[in-house]
Amino acid sequence: MNHLSSETFKENARAALADVQLRGALKNATSLFGERRKEAAASLPNWEELRTQARAIKDEVLSDLDRYLKEFVRNAESRGAVVHRARDAAEANSIICGLAKERNARVIVKSKSMTTEETHLNDALEAAGMQVVETDLGEYIIQLANEPPSHIIAPAIHKTRQQVSELFATELGMPPTDDIAQMTSTARATLRDRFAAADVGISGVNFAIAETGTLVIVENEGNIRLTTSLPRMHIAMMGIEKVIPRFADLDVFLKLLPRSGTGQRLTTYQSFITGTKRDAADEGPDELHIVLLDNGRSRMLAHPVTRQSLACIRCGACLNACPVYQQVGGHAYGSVYPGPIGAVITPQLMGIEKAAQLPFASSLCGACRDVCPVKIDIPQLLLHLRAEISPRKGSTAERLAFKVWAKVMTSPSLYKLSSIAGRILQHVMPISRAWTSGRDLRPIESKSFHDLWSND
Amino acid sequence: MTNRIDRFKESVESVAGHCIVTTDATDVLKQILADLNVQRVASSDNPPNAHDIFNFDVGISSAQAAIAETGTLVLDSACERHRLVSLVPPVHIAIINASTIVETLSDALTLLQKDKEISPAITFITGPSRTADIELTLTIGVHGPQELYVIVDSSK
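For the record, the sequence lines run as chains F and W. Just so you know, we're using the numbering used here here: the first sequence kicks off at 1 and counts up by one. Just so you know, we're using the numbering used here here: the second sequence kicks off at 1 and counts up by one.
Excised from the complex, chain F in its bound form:
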């Protein structure tokens, strides 16, 4: 079990730092993804231009989200989809449980969806007596292990092959093996049986096209295609920010997303789903339900600074680039959204009190901003959130220290006096532990810059 809380980030991080195996796995994953992203971006001469275009499209939508959502709903419904609006997680889960119950569903297959992780949909469906099976290999592994995902696009990167082998041996009766292909084919066979039995398929959404009412979902494994074509009902859950205006806009996003995520030119499969099938004899579900989830997104939309958090396309590039994520991994954040973007989104979704440590889990180095395919200024957002938190936080001693600091720094005579005092006192006074436990404090030079300047 590994369900940590955002409220205890510091303790979580400390434990993660002591886990040698986890840090090895993180180093491999983040450096490999990082390298691949770099190569893939370099292969497109107009990469920067694409990022600018993508951000402009997202800004266009977010400045008028209501209109684009209405257009999307109208077009999706005119093609036979049924659209539901959910204000929060509880409402989304109850809509989906209701739909599944009405059809007497017993087995539900799911493809990877961060939004359903966000609402803890699986718990709700299981509580309603249904069997829910995650079908993405990584998600399936962590479902069997009863753990949350540790990376947006590679949910089980924290697990070694030995751990997966032991898990499959216990849960699926597989003879233990070192062979990853063998483990994969065991999962394939087990999951095929569930696909064949499934009454409902639940998926996420990468892009929803306002102009045509189309859902676009990208993947490598093929489980999304099975989830959205075999069961007689398909339910797709999406955050309201997933809408983009035009079908042609996909050109930009389908270039940026796979390259930023895994370094691929295109992922193996893209499914473009527009309403329901035209002929009953055709392949595909009879019913398509789309659940639009707000769950705090309107709040982010309302403020001009936080609005850009909604431009995220969930590629995971900022996780791989982040020196904090690289060391502590996803679980320490205690949120389905880890890393720099998680530190921004989580406090806004869960409430700032529940994740007040996360915006401070950054050195503000800006690597996340540099790799973001939609140019989200994550450091700016982190500072904005810190400013919201800090009046409520911080010890009296800290506040006093900064008051004194400000006074000294704005007065030349006090500054001069303090540097003389500092030179003497540094030898006799213990420096604050809280400050020096993570940093080296350089000794103060015997001659100040001022002294050197006036002597010359």
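Take these hints with a grain of salt, some might be off.
[Unchecked claim] Lysine-lysine pairs mimicking DSSO-like chemistry, simulated, CA-CA at most 27 Å apart: (1) Lys-27(F) / Lys-38(F); (2) Lys-114(W) / Lys-156(W); (3) Lys-70(F) / Lys-114(W); (4) Lys-447(F) / Lys-407(F); (5) Lys-277(F) / Lys-70(F); (6) Lys-9(W) / Lys-30(W); (7) Lys-101(F) / Lys-277(F); (8) Lys-38(F) / Lys-9(W); (9) Lys-277(F) / Lys-114(W); (10) Lys-38(F) / Lys-375(F); (11) Lys-116(W) / Lys-70(F); (12) Lys-375(F) / Lys-27(F); (13) Lys-447(F) / Lys-416(F); (14) Lys-416(F) / Lys-403(F); (15) Lys-277(F) / Lys-116(W).
[What the hints assert, rightly or not] Not the full set, but computed from the structure, chain F residues with beta-carbon under 8 Å of chain W: (16) Ile-141; (17) Val-164; (18) Ala-181; (19) Asn-223; (20) Thr-268; (21) Glu-283.
Treat the hints as calculated values from the structure; they're not laboratory data. Please read these numbers as outputs of a predicted model, since none were measured by experiment. All C-beta atoms in this analysis are idealised placements derived from N, C-alpha and C, irrespective of residue type, glycine included.
Following the hints, position chain W against chain F.
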């Protein structure tokens, strides 16, 4: 045109697919099936029912377009009404006309919307199914086929 076919072939091969350019697609198909020595072959023109499809060795489909720069097959439900044959059996063989290959992703997106309402289900396929979810080790053929053959009929 020849250049475009070459670029397509190169892209398919770069994602671990096989690509054969021929003027006699039927003959090449027969040869592949003979070499594979398979029993049950499903075709999108004459599909098995959805649940029976798990028992087939090979699935054969067409594609309505293809993209040279990425090696992608574009299956449109208006023509390809049963696309699971391209996913469920361990081998997928696609037969396409050379004239349907477009250069870029953008060209393909334009084509899907041109003079018509977009079809209910469109599938892009680039190479065989893959995962790297265990220790980031690339494994081909997780939920979909392990092998993808694309036969390009250069006479059409």
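Which hint numbers does the structure go against, in order from smallest to largest? Nothing - there is no hint that the structure violates, so all of them hold.
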